[in-house]
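*Asks:* Which chain is which? The protein sequence lines are P and Z, in order. Heads up: the first sequence at position 8 corresponds to 8 in the UniProt record's numbering, and the numbers run straight through without jumps. Heads up: the second sequence at position 5 corresponds to 5 in the UniProt record's numbering, and the numbers run straight through without jumps.
Certain hints may be false.
For identical chains, the list gives no copy identity; a pair is met inside one copy or between any two copies.
Said to hold, decoys possible - Cut-off 30 Å, straight-line C-alpha distance, at most; resulting in silico cross-link-like pairs (BS3-like, lysine-lysine):
no., residue 1, residue 2
1, LYS81, LYS35
2, LYS49, LYS36
3, LYS83, LYS45
4, LYS45, LYS80
Hints were generated in silico from the structure; no laboratory data involved. Just so we're clear, the structure is a prediction, and the values are computed from it rather than from any experiment.
Here's the letter readout for the chains.
Number of protein chains: 2
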Amino acid sequence: MAKEISYKERKVISIGVVSELTGLSERQIRYYEQKKLLSPERSNKGYRKYSFLDVETLIEIANQREEGVPTGEIKEELEKKYKKGSKLHKKMISGQINAQFGTHKK
Amino acid sequence: MAKEISYKERKVISIGVVSELTGLSERQIRYYEQKKLLSPERSNKGYRKYSFLDVETLIEIANQREEGVPTGEIKEELEKKYKKGSKLHKKMISGQINAQFGTHKK
DNA sequence: CGTGTAAGGAATTCTGACACG
DNA sequence: CGTGTAAGGAATTCTGACACG
């Protein structure tokens, strides 16, 4: 009964790749994190690592921002969606919460 | 009809993370690539990027190697599995062949 | 408020090679 | 054959700050 996490939720992508995938600057990505619109994990040395879910979230943020929606509103919107998901997935996946791969603890 | 690629096949993971995920050294991972057991993509600056499928392949390789199976045999084995997959997926996914995310071409 | 940039440092990745066997 | 390592260089990421507005 391991708490397996799908590829979509696994945090393994560096900020540089996320930047390419989303078209956002690293500055923007870090800023949205500061505003708590998403929560990447950190490697031992402090490097941010994102999941594909994070990438999707960022793309949504980018779309909202283009329409002039302030980060505060986007944050609330994401939180609603998050609750919706919770209903479906119950406590299997707790949103942006950190999650370890589980086996290696280097 | 975009040639979408699932998260599993998308090449976005750096060798350092792959090393943590598989328990293999970077040296080993690069060596298996040299022996053509897998084919990561390269970023603009030449950095290797792997998919979750590559990670799974590497775990299989690790298991075989532990049993003393030489890379040559593992390679053949992987190629058989690859053909099997082709039957199921037809030409949707061409094994270890490179595949672009598609939208951004920085 | 949201994002760009220069700044300095620390960690990552790359290749080719020597080593052992 | 398979893998470790030291070597030097290039690119990445991090944080805190100044800037504009």
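*Asks:* Run every hint past the structure and note whether it holds.
*Replies:* Evaluation of the provided hints:
When the C-alpha separation of LYS81 and LYS35 is checked against a cutoff of 30 Å, the pair qualifies only within one copy, where the shortest distance is 17 Å, while the shortest distance between copies is 46 Å. Proximity of LYS49 and LYS36 under a CA criterion of 30 Å is satisfied in both settings, with 15 Å inside one chain copy and 28 Å between copies. Neither within a single protomer nor between protomers do LYS83 and LYS45 lie at most 30 Å apart by alpha-carbon distance, with minima of 32 Å and 40 Å respectively. In the homo-oligomer, the alpha carbons of LYS45 and LYS80 never lie at most 30 Å apart, since the shortest distance is 33 Å inside one protomer and 40 Å across protomers.
Hints 3, 4, counting from the list given before, are not met by this structure.
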